[in-house]
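If you read the sequences in order, they're chains A and B.
Just so it is clear: in the first sequence, position 152 is 152 by full-length UniProt numbering, and no numbers are missing.
Just so it is clear: in the second sequence, position 250 is 250 by full-length UniProt numbering, and no numbers are missing.
To be clear, the hints were calculated from the coordinates, so they are not data collected in a lab.
As the structure is a computational prediction, the values presented were derived from the model and not from experiment.
Each residue gets a CB set at the ideal place from its N, CA and C atoms; glycine is no exception.
Don't take every hint at face value.
[Said to hold, decoys possible] Some chain B residues near chain A, calculated using beta-carbon distances under 10 Å:
{"no.": "1", "residue": "Lys-37"}
{"no.": "2", "residue": "Glu-113"}
{"no.": "3", "residue": "Asp-185"}
{"no.": "4", "residue": "Leu-191"}
{"no.": "5", "residue": "Lys-324"}
{"no.": "6", "residue": "Glu-371"}
[As the list claims (entries may be wrong)] Listing some non-contacts, in silico: residues in chain B with all C-beta distances to chain A over 10 Å:
{"no.": "7", "residue": "Ile-35"}
{"no.": "8", "residue": "Val-45"}
{"no.": "9", "residue": "Leu-120"}
{"no.": "10", "residue": "Glu-168"}
{"no.": "11", "residue": "Glu-174"}
{"no.": "12", "residue": "Thr-176"}
{"no.": "13", "residue": "Asp-178"}
{"no.": "14", "residue": "Glu-181"}
{"no.": "15", "residue": "His-182"}
{"no.": "16", "residue": "Ser-234"}
{"no.": "17", "residue": "Lys-340"}
{"no.": "18", "residue": "Ile-410"}
{"no.": "19", "residue": "Asn-415"}
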Amino acid sequence: MGYQAGTFDVIVVGAGHAGVEAALAAARMGCSTLLLTINLDMIAYMPCNPSIGGPAKGHVVREIDALGGEMGKNIDKTYIQMRMLNTGKGPAVRALRAQADKFLYQHTMKQTVENTENLTLRQGMVERLIVEDGVCKGVITKTGAEYAAKAVVLTTGTYLRGKIIIGELQYESGPNNMQPSIGLSDHLRELGFELVRFKTGTPPRVHNSSIDYSKTEIQPGDDVSRAFSYETTEFRVEDQLPCWLTYTNERTHEIINNNLYRAPMFSGAIEGTGPRYCPSIEDKIVRFSDKPRHQIFLEPEGRNTEEVYVQGLSTSMPEEVQLEILKTISGLENVKMMRPGYAIEYDAIVPSQLWPTLETKRLKNLYTAGQLNGTSGYEEAAGQGIMAGINAALKVQGKEPLILDRSQAYIGVMIDDLVTKGTSEPYRLLTSRAEYRLLLRHDNADMRLTEIGYKIGLISEERYQRFLKKKEAIEAEKERLRTTKIGPQPEVQQMLREVGSKELDNAIDLYSLLKRPEVTYKHIAQIAPAEMEIPADVAEQVEIQIKYEGYIRKQLQDVDRLKKMEKKRLPENLDYMNIQGLAMEARQKLNKVKPLSIGQASRISGVTPADISVLLVYLESYNRKVAN
Amino acid sequence: MDFDTIAAVATPLGEGGIAIIRVSGSDAIAAVDKIFKGRQKLSTVDSHTINYGHLIDENGETLEEVMVSVMRAPRTFTREDVVEVNCHGGIVSVKRVLDLVLAQGVRMAEPGEFTKRAFLNGRIDLSQAEAVIDLIRAKTDRAMKVALNQVQGKLSKLIGKLRQQLLELMAHIEVTIDYPEHDVDEVTRTLLSEKSRWVQGEIEKLLSTAKQGKILREGLATVIVGRPNVGKSSLLNSLLQEVKAIVTDVPGTTRDIIEEYVNVRGVPLRLVDTAGIRETEDIVERIGVEKSREMLGKADLVLLVLNFGEELEDEDRNLLAVVKPMNAIVIVNKTDLPQKIDMEEVRRLAGDLPLVTISVKEEEGIEQLEEVIASLFFSGSVQSDDLTYVSNSRHIQLLQEAYRTIGEAIEAVENGLPVDMVAFDIRRTWELLGEVVGDAVSDDLIDQIFSQFCLGK
Numbered sequence: 001m002g003y004q005a006g007t008f009d010v011i012v013v014g015a016g017h018a019g020v021e022a023a024l025a026a027a028r029m030g031c032s033t034l035l036l037t038i039n040l041d042m043i044a045y046m047p048c049n050p051s052i053g054g055p056a057k058g059h060v061v062r063e064i065d066a067l068g069g070e071m072g073k074n075i076d077k078t079y080i081q082m083r084m085l086n087t088g089k090g091p092a093v094r095a096l097r098a099q100a101d102k103f104l105y106q107h108t109m110k111q112t113v114e115n116t117e118n119l120t121l122r123q124g125m126v127e128r129l130i131v132e133d134g135v136c137k138g139v140i141t142k143t144g145a146e147y148a149a150k151a152v153v154l155t156t157g158t159y160l161r162g163k164i165i166i167g168e169l170q171y172e173s174g175p176n177n178m179q180p181s182i183g184l185s186d187h188l189r190e191l192g193f194e195l196v197r198f199k200t201g202t203p204p205r206v207h208n209s210s211i212d213y214s215k216t217e218i219q220p221g222d223d224v225s226r227a228f229s230y231e232t233t234e235f236r237v238e239d240q241l242p243c244w245l246t247y248t249n250e251r252t253h254e255i256i257n258n259n260l261y262r263a264p265m266f267s268g269a270i271e272g273t274g275p276r277y278c279p280s281i282e283d284k285i286v287r288f289s290d291k292p293r294h295q296i297f298l299e300p301e302g303r304n305t306e307e308v309y310v311q312g313l314s315t316s317m318p319e320e321v322q323l324e325i326l327k328t329i330s331g332l333e334n335v336k337m338m339r340p341g342y343a344i345e346y347d348a349i350v351p352s353q354l355w356p357t358l359e360t361k362r363l364k365n366l367y368t369a370g371q372l373n374g375t376s377g378y379e380e381a382a383g384q385g386i387m388a389g390i391n392a393a394l395k396v397q398g399k400e401p402l403i404l405d406r407s408q409a410y411i412g413v414m415i416d417d418l419v420t421k422g423t424s425e426p427y428r429l430l431t432s433r434a435e436y437r438l439l440l441r442h443d444n445a446d447m448r449l450t451e452i453g454y455k456i457g458l459i460s461e462e463r464y465q466r467f468l469k470k471k472e473a474i475e476a477e478k479e480r481l482r483t484t485k486i487g488p489q490p491e492v493q494q495m496l497r498e499v500g501s502k503e504l505d506n507a508i509d510l511y512s513l514l515k516r517p518e519v520t521y522k523h524i525a526q527i528a529p530a531e532m533e534i535p536a537d538v539a540e541q542v543e544i545q546i547k548y549e550g551y552i553r554k555q556l557q558d559v560d561r562l563k564k565m566e567k568k569r570l571p572e573n574l575d576y577m578n579i580q581g582l583a584m585e586a587r588q589k590l591n592k593v594k595p596l597s598i599g600q601a602s603r604i605s606g607v608t609p610a611d612i613s614v615l616l617v618y619l620e621s622y623n624r625k626v627a628n
Numbered sequence: 001m002d003f004d005t006i007a008a009v010a011t012p013l014g015e016g017g018i019a020i021i022r023v024s025g026s027d028a029i030a031a032v033d034k035i036f037k038g039r040q041k042l043s044t045v046d047s048h049t050i051n052y053g054h055l056i057d058e059n060g061e062t063l064e065e066v067m068v069s070v071m072r073a074p075r076t077f078t079r080e081d082v083v084e085v086n087c088h089g090g091i092v093s094v095k096r097v098l099d100l101v102l103a104q105g106v107r108m109a110e111p112g113e114f115t116k117r118a119f120l121n122g123r124i125d126l127s128q129a130e131a132v133i134d135l136i137r138a139k140t141d142r143a144m145k146v147a148l149n150q151v152q153g154k155l156s157k158l159i160g161k162l163r164q165q166l167l168e169l170m171a172h173i174e175v176t177i178d179y180p181e182h183d184v185d186e187v188t189r190t191l192l193s194e195k196s197r198w199v200q201g202e203i204e205k206l207l208s209t210a211k212q213g214k215i216l217r218e219g220l221a222t223v224i225v226g227r228p229n230v231g232k233s234s235l236l237n238s239l240l241q242e243v244k245a246i247v248t249d250v251p252g253t254t255r256d257i258i259e260e261y262v263n264v265r266g267v268p269l270r271l272v273d274t275a276g277i278r279e280t281e282d283i284v285e286r287i288g289v290e291k292s293r294e295m296l297g298k299a300d301l302v303l304l305v306l307n308f309g310e311e312l313e314d315e316d317r318n319l320l321a322v323v324k325p326m327n328a329i330v331i332v333n334k335t336d337l338p339q340k341i342d343m344e345e346v347r348r349l350a351g352d353l354p355l356v357t358i359s360v361k362e363e364e365g366i367e368q369l370e371e372v373i374a375s376l377f378f379s380g381s382v383q384s385d386d387l388t389y390v391s392n393s394r395h396i397q398l399l400q401e402a403y404r405t406i407g408e409a410i411e412a413v414e415n416g417l418p419v420d421m422v423a424f425d426i427r428r429t430w431e432l433l434g435e436v437v438g439d440a441v442s443d444d445l446i447d448q449i450f451s452q453f454c455l456g457k
């Protein structure tokens with residue numbers, strides 16, 4: 001028997017990485033928000049690797065922060081180690097990665113959620129949606145609580161019809177033996193949603209004191225202060241924990257090969273599609289049989305735990321085989337396994353059923369985000385979560401939705417990929433997915449998105465003013481470099497000799513000097529310092545913008561082309577089946593995706609340039625008819 | 001609307017004495033002005049005027065005598081600035097003029113693009129929208145067919161190989177970027193530089209062959225073969241008469257390498273070794289099967305002539321066997337005589353080769369033969385607007401851009417720019433080469449990364 005449990009503007013179902021960002025965004029934008037989760041102890045839980053960031057993923061964390069989200073701040077408060085990766089490969093691909101204290105991460109996030117105004121946190125398993133005339137109007141929990149809402153965001157992760165597989169053993173379960181959500185999955189199917197079955201996995205955890213670290217290589221954190229959030233002011237450089245590197249060997253591979261017949265991956269027990277970028281160890285050994293060894297990283301799961309995550313050893317082999325495998329690895333000869341690794345299968349929504357706002361096409365006011373949309377990774381989930389939360393709130397407030405395009409953010413690349421192309425495996429962001437990679441840098445996420453975050457009300461006035469000052473300072477310093485000339489004075493020549501650059505014949509402006517490959521902003525500041533000291537983040541922008549000006553300009557030209565195509569809007573409910581001149585394949589694909597612009601249409605696989613020409617002509621005549 | 005500036009040949013190719021190259025877009029006048037020398041700069045002439053002058057190539061040499069119409073927006077076909085260059089109609093000169101125009105930063109027009117712009121700019125009435133769509137569709141489909149024909153050949157294989165090399169290099173770069181801690185060797189500057197230079201060299205080779213514009217400039221090398229007395233000479237003469245041949249007498253050469261050009265429905269044929277046609281020896285017997293196969297294999301097109309009024313002889317059979325794997329047409333001549341040839345056997349021996357029966361004497365079947373020649377090279381659907389030629393110019397333009405772009409990658413490596421910048425140029429090169437063979441940008445790279453490297457958490 002149901003009961004009326006309350007009315008909210010926005011309800012978020014699931015409190016993982018997508019759910020908390022969605023709920024925090026909606027609440028902070030002034031919507032009364034309810035966050036429902038199966039288990040209050042599992043908020044922002046990390047069921048897999050205890051780390052956040054890395055290439056593309058770290059970029060997303062910065063973007064979330066620039067939009068006013070929480071992930072960056074939370075990891076800055078709870079990391080045990082931070083490193084900047086790809087430092088030698090150029091500004092576009094540099095990225096931060098942190099090892100998290102996963103327990104502290106959860107608790108800190110839970111506190112933030114609990115203390116956020118407009119946000120109600122409650123335990124409950126949602127079984128059904130309240131739907132009237134194609135509009136989602138609320139949710140019903142297993143205990144019979146009926147919550148009404150103007151918008152609902154589903155972020156159910158891997159819980160939908162979750163199934164854990166370890167060797168021959170299979171049982172219904174969410175991640176880490178949490179309760180799975182069976183009813184909601186069936187209900188979504190009933191409502192007409194197309195679901196797919198995906199698979200992912202996690203490695204075993206082992207006891208810290210049973211590891212002989214002397215047989216491994218140490219992987220320390222950086223010895224400079226790092227932070228994801230633009231608001232973070234406290235750093236911990238000293239107090240970091242190292243990770244450790246070791247390898248599999250022939251013996252490991254032999255044991256795996258001997259037990260392949262018991263591996264669910266190969267015995268046919270697993271039906272879901274797993275990600276290629278995150279294969280299990282048995283998969284790696286079968287597919288790359290000529291590789292003599294594979295890397296294994298040993299990562300502490302936190303400061304107040306002995307559990308260590310064995311990165312690189314994701315597996316669903318039987319428990320006893322897992323232990324045998326572990327013991328072959330250098331440093332793990334006497335290891336004590338605390339939890340076995342497992343594979344997990346779950347239902348996901350085919351993401352081409354979503355608008356770029358993450359609202360479903362089938363039901364109005366229903367949004368989905370995170371692993372439910374076929375992605376993988378905490379950062380990908382959080383990136384969608386904040387966008388779904390923002391758009392749900394904007395819808396409730398009767399405002400224009402927010403869609404980030406491919407030239408603005410990795411978040412935009414990801415969502416566009418998902419809703420335009422769909423995905424045949426759990427989707428992971430890679431920097432190579434971003435065609436405007438040189439613009440979507442880790443360093444300039446604030447330049448790209450703070451303005452937007454401020455406009456929607458997620459960035460405080462104080463932070464916005466600070467951002468504007470930074471922007472001004474960058475322009476002023478660039479102007480100074482442009483207009484200041486420097487002659488062949490001894491200290492200049494000496495500096496140039498030292499860095500291996502050609503000495504000056506005549507006076508040259510500092511701007512041109514900085515463009516030389518060997519010269520950095522630091523050198524410039526040495527020989528011709530600004531009157532006031534230039535903050536490091538300003539100097540970084542000045543240096544990157546000047547040094548890579550040519551390439552940045554090339555990308556901006558590409559973006560111009562993109563924007564022109566994105567500006568040509570297509571009506572939402574066009575029936576492409578009736579447009580003469582379109583190839584049949586294009587009609588079907590277009591009808592499925594329902595692109596919002598010519599630009600989006602052109603990215604659908606199977607839609608040819610000729611189809612786009614036809615669409616342009618059709619659109620023009622459509623607009624003229626409408627104008628008449 | 002603002003569009004880039006485009007150009008294309010507006011008149012059917014190879015026919016008529018005058019050809020028109022149409023240029024449309026905001027840079028149209030400036031672009032043609034750069035290569036035009038007349039009494040007045042085109043930028044200063046009145047709209048809707050025709051101006052006499054010469055086109056000057058990049059070396060300052062006079063290329064062509066031309067009449068140039070200047071029509072300023074909006075009273076033009078596309079409602080943009082339009083320039084039309086009227087030049088001599090020969091294939092060679094039209095191609096040179098078009099290439100020169102394209103070298104001024106003008107893009108080759110897509111099929112139907114002028115009409116599309118006319119419509120999008122409001123020049124064409126709404127009621128014609130459907131007709132515009134049909135036009136785009138039809139032209140594009142036809143162009144695609146021709147392009148496919150071309151790219152199934154050697155060019156596409158070469159480019160495919162080049163792209164695969166680039167793709168592997170890209171995957172290697174990307175894997176070190178997206179998986180920085182993985183035990184994959186970093187891509188060194190030396191490797192980047194070597195690979196890029198190799199690619200640049202290969203593109204240069206492609207360009208040098210493409211630049212010869214073999215087929216377009218020289219025509220399809222065509223050989224007429226057959227036993228004595230089957231009517232080779234009369235067929236040659238007939239083709240020559242039929243289509244207003246251009247006979248070039250190359251100075252300093254002897255009679256036996258006189259090459260004769262004919263234009264069959266837009267397909268330029270270069271009839272080589274025509275002297276040989278008049279010889280009366282059994283080629284296969286004289287030089288052997290292998291040798292004759294090799295010799296005939298150099299031809300782009302072989303016309304094998306048989307005699308309707310005589311029984312098949314071994315020499316005919318030999319020739320049929322030799323030409324069977326080639327681009328050949330089997331012609332049974334002299335249908336005016338009483339039949340002695342066994343057509344069943346001919347059909348069997350000819351296999352998939354097109355078979356045409358004609359009578360040169362009675363002037364029967366010549367038109368059908370011409371059609372077969374044209375369809376063989378244009379997949380049957382291309383009429384007088386020579387799209388092979390058009391897409392070729394586009395290919396050259398893309399290859400030139402690819403050459404420039406990979407050059408920028410090399411420069412970036414030399415200047416010590418980081419790998420993310422170099423990767424940008426390499427990826428762009430790969431995309432440009434993809435456009436040549438009609439491969440859309442896809443998830444190839446991601447696929448390559450995961451099949452080439454073992455990754456995982």
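Should the label of B:Val-45 as a non-interface residue stand, given a Cβ cut-off of 10 Å to chain A? holds, 31 Å
Once the closest CB in chain A is found, is it more than 10 Å from B:Lys-340? B:Lys-340 clear of chain A: closest Cβ-Cβ about 51 Å, beyond 10 Å.
Interface hint outcome for B:Lys-37 [beta carbon to chain A under 10 Å]: violated, 32 Å
Checking a non-interface call: every C-beta of chain A should be farther than 10 Å from the C-beta of B:Asp-178. Is that right? violated, 5 Å
Grab the minimum C-beta distance from B:Glu-113 to chain A and call the hint holds if it beats 10 Å, violated otherwise. Holds, because the Cβ-Cβ distance from B:Glu-113 to chain A comes to roughly 8 Å (cut-off 10 Å).
The output says B:Asn-415 does not contact chain A. Does that hold with a beta carbon cutoff of 10 Å? Per Cβ check, B:Asn-415 is inside 10 Å of chain A; nearest 5 Å; violated.
Would B:Ile-410 pass as off the interface with chain A, using Cβ distances and a cut of 10 Å? Since the minimum Cβ distance to chain A is about 14 Å, B:Ile-410 lies beyond 10 Å and the statement holds.
If I take the minimum Cβ distance from B:Leu-120 to any residue of chain A, is it greater than 10 Å? The claim is violated: B:Leu-120 sits with its nearest Cβ about 5 Å from chain A, within 10 Å.
Does B:Glu-181 sit more than 10 Å from chain A, CB to CB? B:Glu-181 is in fact no farther than 10 Å from some Cβ atom of chain A, at 7 Å.
Restraint: B:Leu-191 near chain A, CB-CB cut 10 Å. Satisfied or not? Violated. Min distance 14 Å.
Beyond 10 Å from chain A, beta-carbon-wise, is B:Ile-35? holds, 25 Å
Regarding the assertion that B:His-182 does not contact chain A, is the least Cβ-Cβ distance greater than 10 Å? With a cut-off of 10 Å, B:His-182 comes too close to chain A, as the shortest Cβ separation is near 7 Å.
When the structure is compared with the earlier hints, violations turn up for hints 1, 3, 4, 5, 6, 9, 11, 12, 13, 14, 15 and 19 and for no others.
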